[in-house]
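*Asks:* The chain contents come next:
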Amino acid sequence: MGVINRRKFLEIAGLAGVAMTGIGKIPEILGSEGNAAATMDLAVVHNSDPATLVRTAIDMLGGISKYVKKGNVVVVKPNIGWNRVPEQAATTNPEVVAEIVRLCKKAGASKVQIFDRTCNQAKICYLRSQIEKIASEAGADVSHIYQQKFQNVSIPKGKELKSWEFYRDAIKADVLINVPIAKHHSLSRVTLGLKNMMGILGGNRGKIHNHFDVKIVDINTVIKPQITILDAVRVLMDNGPQGGNLNDVKQMDTIVAGVDPVAVDAYGATLFGLIPGDLGFLKEAHSRGLGEINLDQLKIEKANLKA
Amino acid sequence: MLTARRISQVLFLLLFLYLFFQAAFPYETLIPSDLFLRSSPLIAIATFLTTKRFIGTLVIAIIVLVLAIALGRYFCGWICPLGTTVDFGDWLSKNFRNKKSNPSRKLRTWKFSILIVVLVAALFSVQLVWFFDPIVLMTRTITTAIYPVFAFLTESTLNILLSVGIFQEPLFNLYDFLRETVLPIEPLYFQQGTLFAVILIGILLFGLVARRFWCRYLCPLGALFGFFSSFRLTRGITVAGDKCIDCGKCQRECKMDAINDDFRSHSRIECIECMSCITVCPTDAISYNLRFKFAPDRFDVSRRRFVYSSLGSILTLGLIKTGFHSVIKAGHVVRPAGALPESDFLDRCVRCQECVKICSSTGGCLQPAMLESGWEGIWSPIVNARHGYCEYNCNLCGEVCPTGAIHPLELEVKKKMRMGTAYFDKSRCIPWYRGEDCLVCEEHCPLPDKAIKFDIREARGPDGTTRIVKFPYVDEILCIGCGICATKCPVEGPGGIFLTNAMEQRWEENGMF
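Going line by line, the protein sequences match chains A and B. This note's numbering numbers the first residue of the first sequence as 1 and each following residue consecutively. This note's numbering numbers the first residue of the second sequence as 1001 and each following residue consecutively.
Treat the hints as calculated values from the structure; they're not laboratory data. Hints are supplied without guarantee of correctness; some may be wrong.
Claimed, not checked - Straight-line distance between alpha carbons at most 30 Å, and here's what the computed DSS-like set of lysine-lysine pairs gives: (1) B:K1488 x A:K133; (2) B:K1488 x A:K224; (3) A:K207 x B:K1488; (4) B:K1415 x A:K250; (5) A:K159 x B:K1426.
What the hints assert, rightly or not - Across the chosen pairs, the derived CB separations fall in these ranges: (6) A:G63 x B:L1171: 30 to 40 Å; (7) A:R189 x B:L1161: 38 to 48 Å; (8) A:G63 x B:Q1168: 31 to 41 Å; (9) A:Q151 x B:S1343: 46 to 56 Å.
Where is the CB? At the ideal position from N, CA and C, for every residue including glycine.
Please construct the entire structure, taking both the sequences and the accompanying hints into account.
*Replies:* Listed below in structure tokens is the structure:
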């Protein structure tokens, strides 16, 4: 059983590896699909309604049906890591998550799964973040992590990590949509899309924090979400990744979405006034060909829907 | 009547289990999960004696006790979850029981000796009720042994089925359902669970000697009810002497060996109103009624026994009170937030593990102590910060404490209540000894302004190269001692940061009820 899954996964990983060799050519790959809108790398939208933000951003990226086909199993991976309420901006905005779920369902997804390996007790985080309730109402299967579903995956391109435990459902999904929330983080300075992928990891994750910049990129060489939607509706500017103080939360009413996870993070860094190239993990990701961090190399389309 | 009693037993056991499951996050329940503990008159009286003050929440226990004047030991026969468990154990072991063994009725006074020991000790501020109270015993054993084992075996079975590889979908659905209802989200581990299980199994094994052995000879709560029912004002079990044919079936049937050899009278101290005798009587000579009758039973607890029990108790409590841990700074035990000052805390704590149970559904820091705070603190809740942490947004342990040993704090008060202080072990902390970044502790620190800060400095690695490293340190002013830093520290074995009770705050009572 496990063998088949793993083999299947390795195929995917291999393909991903092949894709990775087309370093920096992601725009061209997208362009080859012949969709005019897809020549854009990043969609940056401002609006006070989270659902409108999501819809607009995904439309700008070519529409949800470009990514989610009928019958697909979709995994939406928000950040549900902490026992915090949405206003504290430590967990992904539940309205953002719910709208993604609704779009996937509309596109014919057979199943939209949501889970996260939390830092505080899972039941409390699922409840307090409101993601369990609001996303379930939108039609998602919100489930807790099963220890049994972690499987060891080798990381052929890993520098520090040669293998790690990944969550099977995230690996096996037809479509993986990463929905991080933009937050301050003392170690990596900011936590965005690449770091949000830690939520599908098993094992002693604390160990990843040591040589973090290299290890987080190692992880992201074997798992690549089809879309990354960065929730910057409320941004935690300091004392992240948990926050707690509402004075540290800045209302930005923004979403940054794209296919290139590194590009999304690079733009996300600018929300904090940082230069992408100054962030270790982004520099590392770029140098290893995971994506683009030079914003002037990217085609960014902005939509300000503010009335 | 017999059927009614059995239904009552099953219902009360189910209620007990239901309340047990209720003791979990988010704890939105109409019935407090410590209802049974609050109903135990033994806990009420012993805690009244240790604290020398009336505890408002134990009113219900006095009502339960006073009812014995009308209804005898109804609690033992109809309600007590341990009594029901013992009945079940006796039923299982009925074919293995030594029919010839006939323990002397004199042994029945043991339970009064135990009661005297408990109450005399309580008078001298040593809480011993926790070893013997049947409600405590059940709560503790279910929390630390039965429930974790049930969860472990259920999950193991599911895992075996899942590894077969077919029916994965329905199996995971079942798994989800069980986790929503009875299984914990994360596996449970408690120290001493085995010991508590062995104690319960021992009580059940006594069933091989005699039915309801515990209730007959040992239970001090039963003794307390027996004492009150000896003064009862109603008839209860009544025998129509002219109908009785001296067959002795009732005496053989009686679980409590309460029926005297004339088959026409019984010990009202022992009878638990189980109604079995009524059912077996071939001539319907036995009936039950609550008409007025006052004829106090003679007590066969001699003055000598009373004195010896009291002396034994005083000697024991002397030893406990002069234990080493009473004088050294406890140093290494961290108590839950809201715990009273140590001696008041130990006066009140009945070691029921309700707090441990509810904590296991959130941060999971509480464990029953072994000898970490001496004999006096045995089985009391202590924080093991390497295993779990005190959830910042949680105040549930105080909510479920039946005796107020942990004061129920408003959440905003609890967030500021200081359990202790964390310290770095710089010989184990990754940035300090290896010169590499980590900061997992800082990431998890739940305080809005972070009690773990860091300096950014240059460090020289073992290979001679230098790099910029974030060196964490604890802000002693801000730290509340929740211990999550110690729990999440990725260093294997002893962590790079540990929790102590330094600068702990205790809830000071202000002399009210």
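*Asks:* Each of the hints needs a verdict: does it hold here or not?
*Replies:* Structure-based check of each hint:
For the hint pairing K1488 of chain B with K133 of chain A, the CA-to-CA distance comes to about 28 Å; that is within 30 Å, so the pair holds. With a CA separation close to 27 Å, the supplied pair K1488 of chain B and K224 of chain A stays within the 30 Å bound. Under the criterion of a C-alpha separation no larger than 30 Å, the hint pairing K207 of chain A with K1488 of chain B is consistent with the structure, at around 10 Å. A C-alpha spacing of about 24 Å is found between K1415 of chain B and K250 of chain A, which places the hinted pair at or below 30 Å, so the restraint holds.
For a cut-off of 30 Å, the pair hint linking K159 of chain A to K1426 of chain B stands: about 28 Å separates their Cα positions. Here the CB-CB span from G63 of chain A to L1171 of chain B is close to 37 Å, well matched to the stated 30 to 40 Å. Remark: the range hint 38 to 48 Å for R189 of chain A to L1161 of chain B is upheld by a beta-carbon distance near 46 Å. Taking the beta carbon of each, G63 of chain A and Q1168 of chain B are about 33 Å apart, inside 31 to 41 Å as hinted.
Evaluation of the 46 to 56 Å hint for Q151 of chain A and S1343 of chain B yields a pass: the beta carbon distance comes to about 52 Å.
Of the hints listed earlier, there is not a single one the structure fails to meet.
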